[in-house]
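Visitor: The lines below spell out each chain.
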Amino acid sequence: GAVVSQHPSRVICKSGTSVKIECRSLDFQATTMFWYRQFPKQSLMLMATSNEGSKATYEQGVEKDKFLINHASLTLSTLTVTSAHPEDSSFYICSAIPTMGDTQYFGPGTRLTVL
Amino acid sequence: EDQVTQSPEALRLQEGESSSLNCSYTVSGLRGLFWYRQDPGKGPEFLFTLYSAGEEKEKERLKATLTKKESFLHITAPKPEDSATYLCALSSSGSARQLTFGSGTQLTVLP
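Protein chains in written order, with the working numbering: chain A, 188 to 302; chain B, 2 to 112.
In short, the hints are calculated from the structure, not lab data. Quantities reported herein were computed from a predicted structural model and do not represent experimental measurements. We put the CB at the ideal spot given by N, CA and C, even for glycine. Be a bit skeptical, because a hint or two may be false.
Claimed, not checked - If you want a taste of the chain A side facing chain B, the calculated C-beta under 7 Å gives, among others:
| hint | residue |
| --- | --- |
| 1 | SER230 |
| 2 | LEU231 |
| 3 | ILE284 |
| 4 | THR290 |
| 5 | PHE293 |
| 6 | GLY294 |
| 7 | GLY296 |
As the list claims (entries may be wrong) - To list a few chain A residues with every Cβ distance to chain B over 10 Å, as calculated:
| hint | residue |
| --- | --- |
| 8 | ASP214 |
| 9 | SER241 |
| 10 | LYS251 |
| 11 | THR262 |
| 12 | HIS272 |
| 13 | VAL301 |
I would like the entire structure built from these sequences, with the hints used as guidance.
Guide: Encoded structure:
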């Protein structure tokens with residue numbers, strides 16, 4: 188149980204294009220989902236907290252107009268990287284907490300490369 | 002401010018050589034202490050949640066323990082497939098269920 192999926196697992200795009208990443212909780216409902224970014228050999232950096240049916244809360248320094256988050260249902264959150272640039276290349280990971288739980292379950296991650 | 006410090010940064014063990022990973026923390030009100038395993042190029046895999054001092058949890062060769070200041074992840078007779086980065090994280094009562102992560106311990110088990 189407690190499986191979180193992400194799609195796509197890997198994406199390569201040209202500079203200036205937008206990329207959408209999906210995060211789904213497969214066997215539980217999640218009121219809250221989180222989006223992280225991870226640089227090589229570093230720990231996870233929280234980008235934003237996503238609550239179903241409301242606006243996401245972004246961490247300091249994260250541009251909300253660049254990283255659009257939508258949490259339209261209890262099992263799906265999406266992250267759209269708008270007008271991507273090479274510096275946006277990174278490993279993006281989502282997590283979800285079951286509605287009645289405390290533990291974050293993580294997705295497998297999405298490797299974004301912007302050329 | 003909540004803080005999590007993991008040690009050592011890296012650990013190399015021979016297969017079968019038991020050891021422990023340390024996670025020291027400071028928190029205003031602990032909601033939960035979490036251990037995850039992360040393999041290269043993958044998201045963290047949940048291992049344990051601990052809620053109060055004195056609590057212990059086990060899974061195969063891993064055992065997690067918790068005191069008021071530290072958590073330990075004990076690895077008994079490790080195998081090469083236990084090689085990974087082990088992350089400790091905590092959630093505090095005032096954090097809206099966000100996690101504060103340590104920097105991780107990179108474990109290598111040699112055959």
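Visitor: Under 7 Å is the threshold here; is the Cβ of GLY294/A close enough to any Cβ of chain B for the hint to stand?
Guide: holds, 5 Å
Visitor: Would you check whether the claim that SER241/A is not at the interface survives, using Cβ distances to chain B and the 10 Å cut-off?
Guide: holds, 12 Å
Visitor: Please settle this one: ASP214/A was flagged as non-interface, so is its CB more than 10 Å from every CB on chain B?
Guide: holds, 14 Å
Visitor: Would the least Cβ to Cβ distance between THR262/A and chain B come out above 10 Å?
Guide: Fine: 17 Å to the nearest Cβ keeps THR262/A off the interface.
Visitor: Check the non-interface label on HIS272/A: least C-beta distance to chain B beyond 10 Å or not.
Guide: Correct as stated: the minimum Cβ-Cβ distance to chain B is 23 Å, above 10 Å.
Visitor: Are all C-beta atoms of chain B more than 10 Å from that of LYS251/A?
Guide: It holds; LYS251/A is separated from chain B by about 17 Å at its closest Cβ, greater than 10 Å.
Visitor: Please check whether the beta-carbon of VAL301/A is more than 10 Å away from every beta-carbon in chain B.
Guide: holds, 18 Å
Visitor: Tell me if LEU231/A is really an interface residue toward chain B, meaning its C-beta lies closer than 7 Å to one of theirs.
Guide: holds, 6 Å
Visitor: Quick check on THR290/A please, does its C-beta sit within 7 Å of some C-beta on chain B?
Guide: Holds, because the Cβ-Cβ distance from THR290/A to chain B comes to roughly 5 Å (cut-off 7 Å).
Visitor: Under 7 Å, Cβ to Cβ, is where GLY296/A needs to be relative to chain B, so tell me if that hint holds or is violated.
Guide: holds, 5 Å
Visitor: Double-check ILE284/A for me: the hint is only fine if its C-beta lies closer than 7 Å to a C-beta in chain B.
Guide: holds, 6 Å
Visitor: Could you check if SER230/A really has its C-beta closer than 7 Å to a C-beta on chain B?
Guide: It holds, given that the least Cβ distance between SER230/A and chain B is near 5 Å, below 7 Å.
In this structure, none of the earlier numbered hints is contradicted; all agree with it.
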